[in-house]
Amino acid sequence: MRWNERMQQHYEEDIRSGGPTYILAIESSCDETAAAVIRDGRVIVSSVVASQMTSHARFGGVVPEVASRAHVEQISVVIDEALVKANRSLEEIQAIAVTSCPGLIGALFVGVTAAKTLAQVAGLPLIGVHHLAGHLYAAALSDGVEPPFLALIVSGGHTELLHVSVEGKIGRLGKTRDDAAGEAFDKIARALDLGYPGGPLIERLANQGDPHYVTFPQAKLGDDSLDFSFSGLKSAVLLHLDRAKRAEQTVRKADIAASFQHAVISVLMAKAKTALQQTGLQTLVVAGGVAANAALREEAKQLCDELHVRLAVPDVWLCTDNAAMIGAAAYVRYKQRKFADLTLTGQAECSIEQW
Amino acid sequence: MQYGLTLSVAHVDATRRLGELCGRIVPKSTLITLRGRLGAGKTVFVSGLACGLGVKEVTHSPTFTLVSEYMDGRIPLYHIDLYRLGEHAIRDVDLFDEYVFGEGVCAIEWAELLEDALPAERLDVHFLDPTSEEEFLDARKITLSAQGIDNVNVLREWMSEWPY
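Sequence lines, in order, name chains A and B.
My numbering applies: residue 925 is where the first sequence begins, and numbers increase by one.
My numbering applies: residue 11 is where the second sequence begins, and numbers increase by one.
Don't read these hints as lab results, they were simulated from the structure.
Be aware that a few hints might be false.
[As the list claims (entries may be wrong)] Cut-off 30 Å, straight-line C-alpha distance, at most; resulting in silico cross-link-like pairs (DSSO-like, lysine-lysine): (1) A:Lys1262 x B:Lys66; (2) A:Lys1195 x A:Lys1093; (3) B:Lys66 x B:Lys151; (4) A:Lys1195 x B:Lys66; (5) A:Lys1262 x A:Lys1040; (6) A:Lys1197 x B:Lys66; (7) B:Lys66 x A:Lys1099.
In isolation and in its complexed conformation, chain A is listed as follows (with noise of 0.2 Å):
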């Protein structure tokens, strides 16, 4: 029997025995090494994330050969913790499912080699997911919302406002046309000299500062355009330190830092808000990394409250990059079953509309 048909067979006999579903996932698209076991989409059985940003941040960044070196040294190590704090052997899971795409390539490709030897060894369906469909399932975990809703994704590598529709169905409103909202966080605060990641660092000076000490500008790309742009807000943060430099004079450190991420939550509002009017959808889905932030969260709570639409955040623990909200994901694609063959391979770009 072939691979497709057979791991169908598999499918309906899980189905069949009316028993949980517990599905292995597996993350490593960038900076973290990640496993988990999910039962049923919904609940957090283990998991087990190894981060490797000690080691960037003395290069105040992600080095990719790094990278794929520690993901090589973890993956096995997770995954076995993964799968002893579940008190499940493999041959109690139902699937196995991994990120392949997008992300750092090399780093992509750990995990999904790894995902794919054990779907084989053991038998069982092999579930891609993508990077962003994890970071939006992950508020299913938290608080158990169920499509449709509207999600803002803001993360290092990602600014994107999806309509997901009731069936799971993920479509593209807006994006940004330059720098992601995290990246703005990171170029910011090495210009200040915090460090790496910029976002955590960022937010903990903006909390003594003043976020009206400077109005820097938004991007204007027109009143329809549901895209974001952060490039012409890091160049007048960074004209601003550069003019006060010339100046000589001291550069208010803790004001920046509140007056650019009282700029970027203003933008990140804004568009969600326009988009929650036209969409007339009645969820919004806040995650990815930045969501952390807690004046993002505090922002978005009110934005919805005046529009009396339902807030659902991941817990800020599943905001940043975790197995547990991949195997959320993955659940959606299993009931539907859509599973990938083993020729499934790790891409650096894809389109989440495609997915």
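Following the hints, position chain B against chain A.
Using the frame of chain A, we list chain B on its own:
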């Protein structure tokens, strides 16, 4: 053989236009390096380049994933950003061989980090640090230089289209 010139662009849209004109005429297997500080206009230039090549997708900064591939234009466009690699970029130089020596147009931001490891025959786009007056006006000075006969011809053709 080499050829170079410095031109002024008055506004960010002119930077995009400059990239677009390049995209219309640039032949396959061309290496373009982009230098200039954060916010100088490197990514904007590449968005124009993509447009000129006929890429439909909206481009974005590849800082996070290091490389963006756009395959739906006249010829492939590889957009690389070495920013996150910093001074350690040189250790990863092999990663980029298939792009640098590939069939498409390879545009590299922060190319100075790989300086000597890159082929000498290429087009260099250098955004000069703006004076405070230029900054105020959002204007930039850009030095374009070409090394090698093929690239010199490309730059000449490119400049014959530049209206300013």
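Results for each hint:
no. : hint                  : in the structure
1   : A:Lys1262 x B:Lys66   : holds (28 Å)
2   : A:Lys1195 x A:Lys1093 : holds (21 Å)
3   : B:Lys66 x B:Lys151    : holds (28 Å)
4   : A:Lys1195 x B:Lys66   : holds (23 Å)
5   : A:Lys1262 x A:Lys1040 : holds (15 Å)
6   : A:Lys1197 x B:Lys66   : holds (27 Å)
7   : B:Lys66 x A:Lys1099   : holds (14 Å)
Of the numbered hints stated above, none is contradicted by the structure.
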